[in-house]
Amino acid sequence: MCAQRGKEKGAIVIMNSDKVKKFLFGTIVVVAIAAVSAVAYTSLTGDNLGPGEVQWAFDVSDDRKLVGWADSVFFGQVREKVGETNTGEFTETQFKVKVLEALKGSVNGTVIVSKTQYDGQTPMSFNDESLKPGKSYLFITNTNSEKRGHMIGAYDSTLIELRVPKHADKEEVLNSQHAEKLRERFTEAIENQIDPFPNEPSGGEIVHNPSVNVYAVSTGQSSRIFDQFIAEIENNNFPPNDGSEHVNSLKVVRKNSPVDVSEVKEGAIVAFDSKWVQANVDNSKFHGFLKNAASKRIGLVAIGGDTSKLFRALHLAGVHKFGRENKDSGNFIYRNPAHNDPPMVGYKLMDDGEHTYPSILISNSREIDELVEALRSW
Numbered sequence: 001m002c003a004q005r006g007k008e009k010g011a012i013v014i015m016n017s018d019k020v021k022k023f024l025f026g027t028i029v030v031v032a033i034a035a036v037s038a039v040a041y042t043s044l045t046g047d048n049l050g051p052g053e054v055q056w057a058f059d060v061s062d063d064r065k066l067v068g069w070a071d072s073v074f075f076g077q078v079r080e081k082v083g084e085t086n087t088g089e090f091t092e093t094q095f096k097v098k099v100l101e102a103l104k105g106s107v108n109g110t111v112i113v114s115k116t117q118y119d120g121q122t123p124m125s126f127n128d129e130s131l132k133p134g135k136s137y138l139f140i141t142n143t144n145s146e147k148r149g150h151m152i153g154a155y156d157s158t159l160i161e162l163r164v165p166k167h168a169d170k171e172e173v174l175n176s177q178h179a180e181k182l183r184e185r186f187t188e189a190i191e192n193q194i195d196p197f198p199n200e201p202s203g204g205e206i207v208h209n210p211s212v213n214v215y216a217v218s219t220g221q222s223s224r225i226f227d228q229f230i231a232e233i234e235n236n237n238f239p240p241n242d243g244s245e246h247v248n249s250l251k252v253v254r255k256n257s258p259v260d261v262s263e264v265k266e267g268a269i270v271a272f273d274s275k276w277v278q279a280n281v282d283n284s285k286f287h288g289f290l291k292n293a294a295s296k297r298i299g300l301v302a303i304g305g306d307t308s309k310l311f312r313a314l315h316l317a318g319v320h321k322f323g324r325e326n327k328d329s330g331n332f333i334y335r336n337p338a339h340n341d342p343p344m345v346g347y348k349l350m351d352d353g354e355h356t357y358p359s360i361l362i363s364n365s366r367e368i369d370e371l372v373e374a375l376r377s378w
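Quick note on numbering: the UniProt record's numbering labels position 270 of the sequence shown as 270, and the sequence is numbered without any gaps.
Heads up, a few of these hints could be off.
Stated by the list, open to error - With a Cα cut of at most 20 Å, we get these calculated SDA-like pairs of lysine to any residue:
1. LYS65 - GLU188
2. LYS81 - GLU92
3. LYS98 - THR110
4. LYS132 - GLU188
5. LYS96 - GLU80
Unchecked claim - Computed spacing ranges between beta-carbons, pair by pair:
6. ASN86 - ASP306: 21 to 31 Å
7. ASN175 - GLU263: 51 to 61 Å
8. GLY83 - GLU188: 47 to 57 Å
9. ILE112 - LYS181: 25 to 35 Å
10. GLU234 - THR110: 53 to 63 Å
11. ILE112 - GLU188: 22 to 32 Å
These are computed hints drawn from the structure, not numbers from a lab.
Glycine is no exception: its CB is placed at the ideal position from the N, C-alpha and C atoms.
The task is simple: from the sequences and hints, build the whole structure.
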């Protein structure tokens, strides 16, 4: 069972593999597209993207939402590149940055800023450039949960180069006309900032709805495990055992085709039989549904058979980019996110042993009650 739902500010929640030992694959794939990543290799809305392009799950042209997303907004000067990590899917480069003035957050002194490039070569956006030692910038960052420093996203949105000479001193940078204009612009935005995800829980907080609708979508000749899974929900409804709100109860609504996102309730889960996904993987109406589902925090589930086709459909819809381009053929190589390092599967554990808000979970268990319980607690 693969699940991604909610967000932890600053990054997609990634499994801590030395604490969670067991990996399960293949039977159920669950993806919720309401999350956003600060490194932005998850695309959530808008038109289809070409290789290396990036989109955001909120309007980054609205400074109020952009600073609402950010933990810190500050003027800084790049000192040096201090590290680089290549996962095979993307390259993350760390830079040492001297903070000159903080507009938001308590950042000070010298900090590490991490910048991500898809596949290590293709920039994250067409105007993306590497940070240059000696240059000064306005940084709009989100602190990464894995302690890899302050994360910046698409260049045009979260990193603004100041029009000052390289290695300019602090006074020259902060007293420049460009800095003054940016200070005025972003101070006003901070004073009127807007949370771009008002319905999402904060990182680490487990929040579940007491009742969630599950929309079952199949071809009419669905797989045995899909039928068993849906029947288990319908027959039991799995109400919380102790009356708490830390467990979801599930209610099934059967549908033939989710072509209109308006028909699906806020925060619901749409469960696709994998045969239906396979038959509709190139369906433009299906792609439109996948794009628009993020606005209503809709969870997506693929059950039985070749569940990886959901990842392909998400890619074709311009939603998730779990593939990377083969430079020789120009085609995309599709990989299970469990193959990433660190793997993008499972639940991240907090120090006290509790799960943070779940991200991606993959399971091939054929015990139906176990699968339902996993979805229910997700």
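Results of checking the hints against the structure:
no.: 1; hint: LYS65 - GLU188; in the structure: 12 Å, holds
no.: 2; hint: LYS81 - GLU92; in the structure: 11 Å, holds
no.: 3; hint: LYS98 - THR110; in the structure: 4 Å, holds
no.: 4; hint: LYS132 - GLU188; in the structure: 28 Å, violated
no.: 5; hint: LYS96 - GLU80; in the structure: 5 Å, holds
no.: 6; hint: ASN86 - ASP306: 21 to 31 Å; in the structure: 29 Å, holds
no.: 7; hint: ASN175 - GLU263: 51 to 61 Å; in the structure: 56 Å, holds
no.: 8; hint: GLY83 - GLU188: 47 to 57 Å; in the structure: 35 Å, violated
no.: 9; hint: ILE112 - LYS181: 25 to 35 Å; in the structure: 27 Å, holds
no.: 10; hint: GLU234 - THR110: 53 to 63 Å; in the structure: 58 Å, holds
no.: 11; hint: ILE112 - GLU188: 22 to 32 Å; in the structure: 29 Å, holds
Checked against the numbered hints given earlier, the structure breaks hints 4, 8 and satisfies all the rest.
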